[in-house]
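Top line first, the protein sequences correspond to chains A and B. Quick note, the first sequence lines up with residues 192 to 560 if you use this note's numbering. Quick note, the second sequence lines up with residues 189 to 604 if you use this note's numbering.
Careful: at least some of the hints might be erroneous.
Pairwise CB distance ranges (calculated) [what the hints assert, rightly or not]:
hint	chain 1	residue 1	chain 2	residue 2	range
1	A	Arg-304	B	Leu-201	21 to 31 Å
2	A	Ser-336	B	Leu-201	38 to 48 Å
3	A	Ser-336	B	Ala-437	47 to 57 Å
4	B	Leu-219	A	Gly-363	33 to 43 Å
5	B	Leu-201	A	Glu-484	55 to 65 Å
6	B	Ile-522	A	Lys-269	29 to 39 Å
7	A	Asp-320	B	Ser-489	36 to 46 Å
8	B	Leu-205	A	Lys-308	52 to 62 Å
9	B	Thr-511	A	Thr-383	48 to 58 Å
10	A	Thr-383	B	Ile-522	31 to 41 Å
Here are some, though not all, of the chain B residues that point toward chain A, as calculated from beta-carbon distances under 7 Å [to be verified]:
hint	residue
11	Pro-320
12	Thr-322
13	Ile-494
14	Ser-504
15	Phe-513
16	Leu-585
I should point out that these hints are in silico values taken from the structure, not numbers from a laboratory. Source: prediction; values computed, not measured. Even glycine gets a Cβ: it sits at the ideal position worked out from N, Cα and C.
Each chain is listed here by its residues.
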Amino acid sequence: MDGGMIATTETLVRFTGVQKSYDGEHLVVKSLDLDIRKGEFLTLLGPSGSGKTTTLMMLAGFEVPTQGEIFLADRPIKNMPPHKRDIGMVFQNYALFPHLTIEENVAFPLSVRGVSKAEIKERVAAALDMIKLGNLANRRPGQLSGGQQQRVALARALVFNPALVLMDEPLGALDKRLREHMQLEIKRLHETMGLTVVYVTHDQGEALTMSDRIAVFNDGIVQQIDRPDALYERPVNSFVANFIGESNVLSGVVENIEQGWVRVALDTGGTVTALAVNIGGPGSRTSLSVRPERVAIETGDSGDTTMNRLPATLTDLIYLGDHTLAVLHTPGNPEFMVKLPAGAYAGLVPGQDVYIAFRPDDCRALDPV
Amino acid sequence: MTAAFVAGADVPLKRRLKRSERARQLRALGLVMPLLAFLLFTFVIPLAGMIWKSVDDWEVPQVLPHTVAALEHWNGQGLPDEAAYAALAADMRAARDAGTLPVAAKRLNYVVNGFRTTLLSTARKLKEQPAPGTAKETLIGLTPAWGERESWTAIKSASGPVTSYYLLAAVDLTRNADGAIVSAPEDQAIYRDVFIRTFTIGIGVTVLCLVLGFPVAYLLANLPTGRSNLLMIFVLLPFWTSLLVRTCAWIVILQSEGIVNGSLQWLGVIDEPLRLIYNRFGVYMAMTHVLLPFMILPLYSVMRSISPAYMRAAASLGAPPTTAFWRIYLPQTIPGIGAGCLLVFILAIGYYITPALVGGAADQMISAFIAFYTTETVNWGLASALGAVLLLSTLVLATVYGKLALGRQTTGGLKN
């Protein structure tokens, strides 16, 4: 997962103060400052309408920023037409040219650049070998399966060695198995060819699997940009905590803050110690975020005072094979989820009164939801 | 187990499937039956009748039956024997009394100019049946033309039951006295020019429609739905207006005292009114206007289905807009261009009213001649033959288009 071997600290793309509005009233992208490093796999992740696709389109040149500037290798490209940017792009529905063969499709970016016929032949053959579709060179896109078309679209976007490759939800139309296979294939191409990739998706699993870094978009703003593990383990606000993975939310009011720790009085009684991440002063509201797998269920009082402990009623046990999901009624959250490792639910029955226990540093105090 | 079950069924699976499908097929047939019957009576039968008329040669065998029978064994060399003359004399007298002689005279006049006079005047002068053995000299005595071989070959060539005369005439060919196919005499050879003119106007109008319609269709296909619907109404508005009204509107606009000439003169661009109508310019103008929707609609429907992602993909791959247009967009519109051109061309070569109203004498197309022969001279044979040639060329075009369109499909389809 660590892309440090490939990604450098050299910046390839820089967004500075970029805004975008389509109707002159609402900003789809509110204020974007983003550095994309050379050689990294950066994913723009967010719900639909969050501005991630608009950001990609501005980078590709199909949309012009309303304000701000975009630099590609230190050159401003805001007013540069797309065909001069030297950016490869893979589209959601592949956009393979239906009237050309696979070979002609892949040759297209080379022939418009005036590459010699012999060299085109050589490079197209190499590109088709790379995606293992050399035997289908003379077919038309309509005769290929979705996965094959997607690989051709990849080859076409890579064959001219672009400085940057953009991918706009390229796997959205594929079924689950093929999608997982293609994720690994794209990852492999990224690593072997040292590509810089900007990838747009709304599928967090895909983002976690493939990315060196993920920029989480919501409401036209980058909420957090970080490595996948950091995003999951250390979300900086409630949106990220709830968007990436499962999270239990407990609402309350800040009592006091001390050396990075905060005491929170829950709305429905009880107090909890949490990491002070993103909160106001004493008296302000906060939402606590706890991952389901970081919580233990105790049937009696263990007396361990380093743990937060809350009374709860077990309402349901859902068996999921590799783990079991316990649903509990706790103060502040009637549907508190706890992930129990396989076999750890022995002796629990729905309706039982229990305690949930979690460490203060697994509990993050964030902005109120 | 399964095999035993299938074998146990006494009716083979194929037959059972057929039986179960039969009801559905019958219902489908029932649904299209009224239309099929309608087409049969209003289209297929009249069309077959028209094509038959272009080869049907009924006049002479019906009016001069004995002559036709007597000439059956004449080899076309020298003059026929006495029996043929006697039969002709008898036939002429009978036809004169029955009043049917002009029918045959008209038919024979197509073959030999002036034959009408020959036949009618001989019949008039022939008071009574010549005595046996004197028919030949009597007839030659009455009209010397009966002593010429051409008169008799004319009758033989028109003695049916079918003739290639009309079809040959429709392409400026004829048969000489020996039956060989030769070019028609200069003064009768007009149809090739008319066909060339018809196809020239057809091609011209098609090209104009394509050049004018393509950008409009592109705009329509790429505007947001609301505005494209509004624009579509403007395209369809002329479509819903009567052809005659639109053609007359062009007369009003283009005539010497019309709006265009008036404006140009008022602006001082011209001193004398330009001749904009009753010539080829007027024909092109009016026909292009009338036929434009037939080009725009198929183009629009094809362009609508071309995803804008293709042009974006081309740009992202490094193609400047013009390159992307020529190499990516245009080839994908070819089915629409083909359909639109075929439609406009086929409609254009059959045009009658518009060239008749806004064209000059030298701008009349083949339909005008067909109308002339059906309504003015009642020469159904030639009218049908001209129609048949027009139909044939249309069918050839449609077949070629079909082959091309099908060829594209089998090599991979246009959509993925």
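The hints, checked one at a time:
no., hint, result
1, Arg-304(A) / Leu-201(B): 21 to 31 Å, "59 Å, violated"
2, Ser-336(A) / Leu-201(B): 38 to 48 Å, "32 Å, violated"
3, Ser-336(A) / Ala-437(B): 47 to 57 Å, "56 Å, holds"
4, Leu-219(B) / Gly-363(A): 33 to 43 Å, "42 Å, holds"
5, Leu-201(B) / Glu-484(A): 55 to 65 Å, "57 Å, holds"
6, Ile-522(B) / Lys-269(A): 29 to 39 Å, "37 Å, holds"
7, Asp-320(A) / Ser-489(B): 36 to 46 Å, "40 Å, holds"
8, Leu-205(B) / Lys-308(A): 52 to 62 Å, "54 Å, holds"
9, Thr-511(B) / Thr-383(A): 48 to 58 Å, "31 Å, violated"
10, Thr-383(A) / Ile-522(B): 31 to 41 Å, "40 Å, holds"
11, Pro-320, "82 Å, violated"
12, Thr-322, "82 Å, violated"
13, Ile-494, "9 Å, violated"
14, Ser-504, "4 Å, holds"
15, Phe-513, "12 Å, violated"
16, Leu-585, "23 Å, violated"
The structure fails hints 1, 2, 9, 11, 12, 13, 15 and 16 (numbered hints given earlier, in ascending order).
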